[in-house]
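Student: So the chains spell out like this:
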Amino acid sequence: MIVAGKKPIEEIIEQVEPFSSILVAGCNECVTVCEAGGKKEVGVIASALRMYFMNQGKEVKIDEITFERQCDREFLEELRDRADRYDAILSLACGAGVQFMAETYPSLPVFPGVNTSFIGVTEQRGLWTERCQGCGDCILGRTAGICPISRCAKRLLNGPCGGSTKGKCEINKELDCAWQLIIERLKELGRLEDYEKIIPIKDWSCERAGGPRKVVREDVIL
Amino acid sequence: MSGTPSRLEKILTQGHLAVTSECGPPRGSDPEAITKKADMIKAHVDAINITDNQTSVTRLCSLAACIHLKLKGVEPVLQMVTRDRNRIALQSDILGASSFDIHNILCLSGDHQQFGDNPKAQNVFDLDSIHLIQTVKQMRDEGKFLGGDDINRPPKMFIGAAANPFADPFEIRVPRLAKKVAAGVEFIQTQCIYNLDRFEEWMKQARDRGLHKKVFILAGLTPLKSAGMAKYMRNRVPGMDVPEEVVKRMSGVPKEEQAREGIKICVESIQRLKEVEGVSGFHIMAIEWEEMVPEIVEKGGLYPRPEAG
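Here the protein sequences line up with chains P and R, keeping their order. The first sequence begins at 1 in my numbering and counts up one residue at a time. The second sequence begins at 1 in my numbering and counts up one residue at a time.
If you're looking for bench data, these hints aren't it; they were derived computationally from the structure. The beta-carbon is built from N, C-alpha and C at its ideal position, and this holds for glycine as well. Heads up, a few of these hints could be off.
Here are the simulated lysine-lysine pairs, DSS-like style, with alpha carbons at most 27 Å apart [to be verified]: (1) Lys179(R) x Lys166(P); (2) Lys168(P) x Lys231(R); (3) Lys166(P) x Lys204(R); (4) Lys6(P) x Lys120(R); (5) Lys10(R) x Lys120(R); (6) Lys179(R) x Lys187(P); (7) Lys179(R) x Lys197(P); (8) Lys197(P) x Lys144(R); (9) Lys197(P) x Lys204(R); (10) Lys137(R) x Lys173(P); (11) Lys187(P) x Lys204(R); (12) Lys137(R) x Lys197(P); (13) Lys213(R) x Lys179(R); (14) Lys179(R) x Lys202(P); (15) Lys248(R) x Lys166(P); (16) Lys40(P) x Lys6(P); (17) Lys202(P) x Lys137(R); (18) Lys144(R) x Lys202(P); (19) Lys120(R) x Lys7(P); (20) Lys168(P) x Lys144(R); (21) Lys214(R) x Lys197(P); (22) Lys168(P) x Lys179(R); (23) Lys173(P) x Lys231(R).
From chain P, some residues computed to sit far from chain R (all C-beta separations above 12 Å) [stated by the list, open to error]: (24) Lys40; (25) Ile65; (26) Arg80; (27) Pro109; (28) Arg131; (29) Arg213; (30) Val215; (31) Val220.
Build out the structure end to end from the sequences listed, making use of the hints.
Tutor: Structural data, given as structure tokens:
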């Protein structure tokens with residue numbers, strides 16, 4: 001899933017301060033799971049904003065909504081008949097949701113309410129970690145199911161570097177060295193000899209470097 | 001071997017123990033900071049590495065510093081990290097170096113930018129160190145850019161890389177060396193050696209696979225200036241193995257004699273490692289202590305340096 005972190009409330013306030021009718025919009029997908037932008041967080045942020053404006057002596061209308069998904073137009077359309085009641089939307093969806101909201105309601109200013117961070121997993125409640133950077137050309141089959149692009153601080157395709165110490169990364173003693181994990185798993189799979197296969201120079205044109213990407217599937221287009 | 005005009009390559013292929021050292025460029029644009037250091041050591045070494053923004057601290061660029069050495073008749077080893085430049089810039093700099101007849105390159109990935117003066121910087125890592133080895137080799141031997149086009153006057157570079165016999169996991173340290181050899185590396189400069197037993201074990205594993213016949217291994221040494229430095233290296237420098245006995249030995253002498261003791265340890269290490277089959281020379285990294293290199297080389301019995309025929 002997409003993992004997002006909270007944005008400081010001060011930053012949120014700074015963005016929406018000039019407005020008098022604000023819709024706080026959550027998303028029921030990834031950001032709900034990572035507890036950054038679901039219905040619960042919509043309630044918390046809306047309350048904080050109400051409190052802030054009340055203390056400022058400002059009358060500001062703060063409404064709440066949580067979409068099934070903000071990355072799908074059909075769900076965003078739910079707001080169509082009452083969008084004109086608001087002069088700003090604070091979207092707690094990921095960066096994709098925020099932008100799709102803005103595209104759907106071009107005349108309304110839309111502000112991000114979370115910091116979208118990475119594609120990752122829930123290790124335990126309150127701990128989400130990165131697993132994928134969407135490089136567009138998956139090599140997990142060659143690296144024992146552990147991604148060096150997202151999990152090595154230098155995204156080395158042929159690691160580990162000399163800084164790997166006791167299984168940890170040189171940049172942070174809490175961080176596992178991805179290449180140590182790869183080597184351990186190769187061993188477990190009885191494939192340690194695969195370590196010596198050089199992973200060739202990567203084609204980065206399928207990732208961010210190649211410009212904004214799209215997936216087109218003629219076979220499923222209606 | 002590749003038969004480049006590299007003096008370092010000639011010395012090694014002629015069977016001499018090679019001696020290299022290194023200089024860090026200044027944090028400013030005064031070329032004298034480089035040439036002064038080089039003058040101190042040039043008679044005692046075969047080539048001098050110029051580091052490439054080591055520990056990710058911004059400095060005068062490695063290529064320009066190498067040119068300063070070259071113009072003085074000193075043989076440089078161009079260190080190049082893949083952290084800061086993509087494949088276009090790397091290939092371009094390789095050609096730039098070749099245009100000044102710089103004939104040695106050390107291919108590295110580079111320390112993470114977090115350690116330096118710009119921890120908020122983006123890193124590149126378009127290639128890793130093994131890819132950089134492959135790139136130089138292709139440019140030299142096939143005369144082709146990575147993109148496939150022909151190079152007019154291809155670079156003639158003796159290709160080096162680093163190896164750390166002490167980093168984890170130990171079991172892949174030699175397979176990793178084998179990977180670099182397969183990629184085309186011709187000489188290796190190791191991480192600083194303080195744990196000689198462990199180094200010898202690594203060397204043995206390398207010999208068992210015949211790697212010592214495929215690549216020249218220069219043993220890396222850094223003289224300790226003080227007990228404090230020994231502790232710092234042990235505790236704070238990633239991938240460094242400073243055994244307790246070394247720290248004890250340094251701490252066991254009065255402060256004013258510790259530098260002397262550090263030189264002694266370094267010279268003893270040279271004497272012991274000279275006897276290890278597969279050690280083809282020494283890479284002496286006297287960090288901000290370059291003036292000690294001549295003494296270490298002389299006492300290590302590595303002086304005078306041979307003429308490369």
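Student: Compare the structure with each hint and give your call.
Tutor: Hints and how they fare:
1. Lys179(R) x Lys166(P): Distance of about 22 Å is within 27 Å: holds.
2. Lys168(P) x Lys231(R): Distance of about 20 Å is within 27 Å: holds.
3. Lys166(P) x Lys204(R): Within the cut-off at roughly 22 Å; holds.
4. Lys6(P) x Lys120(R): Holds, at roughly 20 Å.
5. Lys10(R) x Lys120(R): violated, 43 Å
6. Lys179(R) x Lys187(P): Measuring from Cα to Cα gives roughly 17 Å; hence the hint holds.
7. Lys179(R) x Lys197(P): holds, 8 Å
8. Lys197(P) x Lys144(R): Holds, because 23 Å separates the two Cα atoms, which is no more than 27 Å.
9. Lys197(P) x Lys204(R): Roughly 22 Å between the alpha carbons, so the hint for Lys197(P) and Lys204(R) holds.
10. Lys137(R) x Lys173(P): Violated: Lys137(R) and Lys173(P) sit about 36 Å apart, past 27 Å.
11. Lys187(P) x Lys204(R): Between Lys187(P) and Lys204(R) the Cα gap is close to 22 Å, so the pair holds against 27 Å.
12. Lys137(R) x Lys197(P): The hint holds at about 18 Å.
13. Lys213(R) x Lys179(R): holds, 15 Å
14. Lys179(R) x Lys202(P): holds, 17 Å
15. Lys248(R) x Lys166(P): holds, 23 Å
16. Lys40(P) x Lys6(P): Between Lys40(P) and Lys6(P) the Cα gap is close to 13 Å, so the pair holds against 27 Å.
17. Lys202(P) x Lys137(R): Roughly 17 Å separates the two Cα atoms, so the pair holds.
18. Lys144(R) x Lys202(P): holds, 18 Å
19. Lys120(R) x Lys7(P): holds, 19 Å
20. Lys168(P) x Lys144(R): violated, 38 Å
21. Lys214(R) x Lys197(P): holds, 18 Å
22. Lys168(P) x Lys179(R): With a Cα-Cα distance of about 22 Å, the restraint between Lys168(P) and Lys179(R) holds, given a limit of 27 Å.
23. Lys173(P) x Lys231(R): Status holds; Cα separation ~18 Å.
24. Lys40: holds, 33 Å
25. Ile65: Given a closest Cβ separation of 36 Å, the condition holds.
26. Arg80: At roughly 40 Å from the nearest Cβ of chain R, Arg80(P) sits farther out than 12 Å, so the non-interface label holds.
27. Pro109: At about 29 Å from chain R, Pro109(P) clears the 12 Å cut-off, so the statement holds.
28. Arg131: Holds, because the least Cβ-Cβ distance between Arg131(P) and chain R comes to about 18 Å, which exceeds 12 Å.
29. Arg213: The claim stands: Arg213(P) keeps its Cβ more than 12 Å from every Cβ of chain R (closest is about 18 Å).
30. Val215: holds, 24 Å
31. Val220: Check passes; 34 Å lies beyond 12 Å.
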